[in-house]
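Participant: Take a look at the letters that make up each chain.
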Amino acid sequence: MDLLGKSLLELKQLVADKKISEKEINEYFLKRIKKYNPQLNAYLTVNENSAHLPLAVKDNFCTKGLKTTASSKVLDNFIPPYESTVTERLINNGFSVIGKTNMDAWAHGSSTETSDYGPTKNPWDTNRSPGGSSGGSAAAVSAYLTPAAIGSETAGSIRQPAAWSGVVGLKPTFGRVSRYGVIAMGSSFDCPGPLTTTVTDAAYLLGVIAGKDQFDATSSSIKAADYNQLLKNKNKYTIGISDDYFDGVDEQTINKIEKSIEILKKLGHKIKKITLIHPKYDISIYTILQRAEVSSNLSRYDGIRYGNERNEFGVEAKRRIMLGAYTLSYGYYDAYYKKAQKARTLIVNDMKKAFSEVDFIVAPTAPITALNLGEFEKYPFFGEVMDQLNEAAAVAGTPAINLPVGLDNNNLPVGMQIMGNYFEEEKILNLAYQFEKETDFFGVIKRGIDNYKD
Amino acid sequence: MFKPVIGLEIHAELKSKSKMFCQCSADYFGKKQNSNTCPVCLGLPGALPVPNKKAVEWAQLIGKALNCRLNRNSKFDRKHYFYPDLPKGYQISQYDEPLCSQGYVEINQKKFRIHRVHLEEDTGKLIHSGVDTLVDFNRSGVPLVEIVTEPDFDNAEDVKRFLEELHTIIRYLGVSDADMEKGSMRMEPNISLRAIENGEEKRQQFELPAYKVEVKNINSFRFVKQAIEYEIERQKEILERKETPAQETRGFDEKKQITYSQRSKEEAHDYRYFPEPDIPPMTFSREYPDSIKVPELPAQKMKRYMAEWKIKEQDALVLTRDINTADFFEMVISKCKVPSSKQIPNPNQSIANLIINKKIATTMPVEEFAAKAMELLQPKKTDEKALYILINQLIKTNPKVAEDYKKGKTNAVMFLVGQVMREMKGQADAKIVREQLENELKKR
Chain A
429 MDLLGKSLLE
439 LKQLVADKKI
449 SEKEINEYFL
459 KRIKKYNPQL
469 NAYLTVNENS
479 AHLPLAVKDN
489 FCTKGLKTTA
499 SSKVLDNFIP
509 PYESTVTERL
519 INNGFSVIGK
529 TNMDAWAHGS
539 STETSDYGPT
549 KNPWDTNRSP
559 GGSSGGSAAA
569 VSAYLTPAAI
579 GSETAGSIRQ
589 PAAWSGVVGL
599 KPTFGRVSRY
609 GVIAMGSSFD
619 CPGPLTTTVT
629 DAAYLLGVIA
639 GKDQFDATSS
649 SIKAADYNQL
659 LKNKNKYTIG
669 ISDDYFDGVD
679 EQTINKIEKS
689 IEILKKLGHK
699 IKKITLIHPK
709 YDISIYTILQ
719 RAEVSSNLSR
729 YDGIRYGNER
739 NEFGVEAKRR
749 IMLGAYTLSY
759 GYYDAYYKKA
769 QKARTLIVND
779 MKKAFSEVDF
789 IVAPTAPITA
799 LNLGEFEKYP
809 FFGEVMDQLN
819 EAAAVAGTPA
829 INLPVGLDNN
839 NLPVGMQIMG
849 NYFEEEKILN
859 LAYQFEKETD
869 FFGVIKRGID
879 NYKD
Chain B
546 MFKPVIGLEI
556 HAELKSKSKM
566 FCQCSADYFG
576 KKQNSNTCPV
586 CLGLPGALPV
596 PNKKAVEWAQ
606 LIGKALNCRL
616 NRNSKFDRKH
626 YFYPDLPKGY
636 QISQYDEPLC
646 SQGYVEINQK
656 KFRIHRVHLE
666 EDTGKLIHSG
676 VDTLVDFNRS
686 GVPLVEIVTE
696 PDFDNAEDVK
706 RFLEELHTII
716 RYLGVSDADM
726 EKGSMRMEPN
736 ISLRAIENGE
746 EKRQQFELPA
756 YKVEVKNINS
766 FRFVKQAIEY
776 EIERQKEILE
786 RKETPAQETR
796 GFDEKKQITY
806 SQRSKEEAHD
816 YRYFPEPDIP
826 PMTFSREYPD
836 SIKVPELPAQ
846 KMKRYMAEWK
856 IKEQDALVLT
866 RDINTADFFE
876 MVISKCKVPS
886 SKQIPNPNQS
896 IANLIINKKI
906 ATTMPVEEFA
916 AKAMELLQPK
926 KTDEKALYIL
936 INQLIKTNPK
946 VAEDYKKGKT
956 NAVMFLVGQV
966 MREMKGQADA
976 KIVREQLENE
986 LKKR
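Going line by line, the protein sequences match chains A and B. Position one of the first sequence corresponds to residue 429 (the working numbering), numbered consecutively onward. Position one of the second sequence corresponds to residue 546 (the working numbering), numbered consecutively onward.
The hints are simulated quantities; they were obtained by calculation from the structure and are not laboratory data. Heads up, some of the hints might be wrong.
Label-pair restraints from in silico Cβ distances [unchecked claim]:
| # | chain 1 | residue 1 | chain 2 | residue 2 | range |
| --- | --- | --- | --- | --- | --- |
| 1 | B | Y628 | A | P509 | 17 to 27 Å |
| 2 | A | Y754 | B | K562 | 52 to 62 Å |
| 3 | A | K780 | B | K562 | 38 to 48 Å |
Subject to a maximum C-alpha distance of 30 Å in a straight line, what follows is the list of computed DSSO-like cross-link-like pairs (lysine-lysine) [to be verified]:
| # | chain 1 | residue 1 | chain 2 | residue 2 |
| --- | --- | --- | --- | --- |
| 4 | B | K624 | A | K746 |
| 5 | B | K624 | A | K766 |
| 6 | B | K620 | A | K770 |
| 7 | B | K670 | A | K492 |
| 8 | B | K620 | A | K651 |
| 9 | A | K766 | B | K598 |
| 10 | B | K599 | A | K651 |
| 11 | A | K767 | B | K624 |
| 12 | B | K670 | A | K495 |
| 13 | B | K577 | A | K492 |
Bear in mind that the values here come from a model prediction, so they are computed numbers and not experimental data. Backbone N, C-alpha and C fix where the C-beta goes; we use that ideal spot for every residue, glycine too.
Same shape as in the complex, but just chain B:
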């Protein structure tokens, strides 16, 4: 028996105005190659980094939202490696004193621990064109938050849920687009398997396997799940042969849905970290973390919708997945004055339904949506006489339905309800229609 041990590294680009260490715009998308650069992000001789205060605050905001401790002391370090997209020959990152550490995210009563949240700079981009490789430094120096979890996951589904929750949280904070297609959120799972024998699991729980496989640069939750599932099977096969999988970095082939070897342990880097001498260490007061204000997060919002507005759990979840939907919902609620009635016992839930079922386009302005919603949610005045005539007419023209109903197929009535509602052009209360229909059917 084997149990997967999975940890995650997630990178998110911050959408701050300027880059991490210079005045260039952090919004590089779609700009002419190397037009969004300066001496600092090009690594020109003599250029120096000056940290972006907003980016530091935002990294701490993410940390706080993930229940991390905001460290009183933090610093930047240089991480060295040579690559053409890394202009200085080192990346300014954080090594042993990250901005935030020891947090957690709770999903369905399961806690997944966060090891650390730190800040670094993004690299340039290589563009392969024929035999040439070109470098575009527009992205060089864009602030990048790295979130590292503890190896707390043992299945791909939990990982997917966690990543979706994290994505939602980051979007709620408004600090990153976390757009995976544009590469502003990137995910790297670390996967290994721990052998367990009956009852032996507990004793070995804290021992990590002797190897670790890192899958790099995956850009969708579904692919993360597929990559993990593939790795679990691949490693299981190796372990069952009584061999140990190689410690390595692997890539993910989206088309074949398999992982492939990229770099082995022997080729692993010695990054030669040391404190960045160009940036003084950061110290924060004891009171400082209180100044970082975390907005209401999706989980809290969901609970509030359920408690305050009696929204069904599944609907509350759907409404809070995206901050824009949640905001829209709350604004409509504040503008819609629908009294609860026998027909509409919970107008809030009805408004939720309108949004979720896309009964009214949510692309229209809130005021317009609210007006339409109020119209739809007016208690329907039913013309009892017209209804009586219509019902009897329909029962007559649909004898099979009446027969089915009598045989006990009570659901058959729903067909007639639909017919009535269509004929009455919605100007009837469905509940009343059903009651009346059943009364008439029973009479026969």
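Bound conformation, chain A alone:
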């Protein structure tokens, strides 16, 4: 049977109908991984024992008995004795982890190049970055080395690699999905979420992993919706557009987004101009708060109970630890951390105000398409600048999705994001589904997969 490009739910149905066995599906994907992973470096660890419907999981999710490194040599030998809530829920729902995907070390980066195990290559052009930090997950889905993957986002780490690798990537509301067992980056921002080939798969996976977890005090007790059920509604929405989110964005990207906005209009949605706090301010707020949390979160890696010694930390982690410790230091706290915390409240209020006027904000996911490998390290904070269009939703903790909207002249995917209000993932998914039905993402996802024949 030709499995190439089948969505996760399609595979699930085939198994349910006994048209194919889970074993055959695993063999199929393991074969593809063997064939293509050496050139893409999307997986760090492959689980040959995967027995159920396979999913790829970013290497910062603790998987019991399966090596988990967060792409850092510090955890080179770390085999978790416990299962993260997300992977546990997936396993309980009949899935198995086929492999752990590459990422920026500790999720510090937007290109997967800070990985201690070498960068992941963009399946669309292997000289380029797939984006990051969930670059391995995005590349694995894009090249169909897995039917779907789980990533995590602190600010942009799901949406931006999804945009650069041309797949669907959903960053849920902070607290929608448990962080228990996810190696912490910026604890007040981190959100696990799915990367998929269809909106339906994203909705389905969110339904599996979302909901209150007794092991995560910040997980919300708001009940998760029946996301798939709500997809089919043909609701009409008001969509907000902020010109500031097109500032300095590549012309070709702007063209693709404008074309997509026209399609949304044609589908009967109203477009409304709005103003938001300029995304350039988000960079400082996000950077200060995230570095502070990073410096604290990495303190536990002292090499005493597990893992290697601290001298195994890479350059980027060391930079972040130092900057974070500085902003929290006596005499500097008020000027940096506290001020940034206050400014965060302004962003939260700004987003709330926007969502009282419109249902969504639509914007480019990234200002440019995939960069060549090696470009990132030329510029300090380049990742933060690259991610600036993602930072408002990260700082506010609101949900957003990336959808492929075409290819630029270099045949690289362009991504558009739909940002929504707190815990309104079902609305985002509904609009995304309407868009998918109308455009099929302009054939981007199919073309990406076709580049990697069986």
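Given chain A, put chain B in place with the hints provided.
Facilitator: Quick look at chain B alone, frame taken from chain A:
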């Protein structure tokens, strides 16, 4: 002239079922090393803290018992420092929004103010074995209440009394064993001296000295007193040389009864506190503090014993020092039906005496104790005739006593009372025996 300025920090481990932020048992004592651990209290990658509701309530109960304000808003913060017994590289504690603040404890009409009461987690334990140092994380994450006083003490005796009272209160609340030998209660006094000149004290009263010496990890009230007394003398000597004692942390050597320098100000930590992002801030309703019920505390109990049962002050104090003794006393009282009589004007006081003087073992069940007490407290029927014979016989065989008595040594009679009581095997009322004896002696 110098006046000591002393403040206290007290840590008490809560005896909640589970640890502060995970499901592990808070009862770690005597367990196999590192057997009472989980991903959370070992600080494994990705593990998250979930606060223990009971521990929060208990910390608030302690705060309320110490007359603190229970804050409507409170939160946890991360306190950073590196030490092998601290698995996360930070301790989850409370910085600027503690659960409780601004209380006081009153002892002998003196008020000692409480600055704050907050909740945090305990660390693991280092075990030094030969050249190796091993870490046991069984204690890691056990809920720890920190009580901080204002610098309201000026002598070691008051400190000792305060700590004894605090210890009693915490035991009354039933939230901690406060067992100092096991380390479930630890005390750290901060000591400095303020220079005062005649009449100058008032003006400088609110100025704290420019330095502070903290003595760490003392595990008995007596040692706290000794450490403070030693520090006062040591600092006085330095100040008299017109020098300022170093701001530092000192340890206490129990054998030599001296303090010694451990860490100077230059090595002091910058803890880089910031709000714990893994735990949402806590908010409590205006009515919430009413739901925290403080039981009758030792001072109240003592007053009640004196007012209601006419127990002598000193005895009421002894009875209320330990909640188990107080409970035992009250249960015996409720079970003993002894009428007051000429011989036993206040049966309650007599029962108190039985307990305090350990006339009957307080280890026996209440019912048994009450039965024995009733037997002992029955008014004694005295065989007047036998008594008369015995008294005269004893006076005869003890002529020296009779002589002494006549010379005015009236206390000499007590020797004979004892003899009579022994001969009568207690079957006589001591008061009557004495009256009779004195009558007979006077006749001679």
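Participant: Does each hint fit the structure? Answer for all of them.
Facilitator: Right, here's what the structure says about each hint:
no.: 1; hint: B/Y628 - A/P509: 17 to 27 Å; result: holds, 23 Å
no.: 2; hint: A/Y754 - B/K562: 52 to 62 Å; result: violated, 41 Å
no.: 3; hint: A/K780 - B/K562: 38 to 48 Å; result: holds, 40 Å
no.: 4; hint: B/K624 - A/K746; result: holds, 20 Å
no.: 5; hint: B/K624 - A/K766; result: holds, 16 Å
no.: 6; hint: B/K620 - A/K770; result: holds, 17 Å
no.: 7; hint: B/K670 - A/K492; result: holds, 27 Å
no.: 8; hint: B/K620 - A/K651; result: holds, 25 Å
no.: 9; hint: A/K766 - B/K598; result: holds, 28 Å
no.: 10; hint: B/K599 - A/K651; result: holds, 26 Å
no.: 11; hint: A/K767 - B/K624; result: holds, 20 Å
no.: 12; hint: B/K670 - A/K495; result: holds, 29 Å
no.: 13; hint: B/K577 - A/K492; result: holds, 24 Å
The structure shown violates just one earlier hint, number 2.
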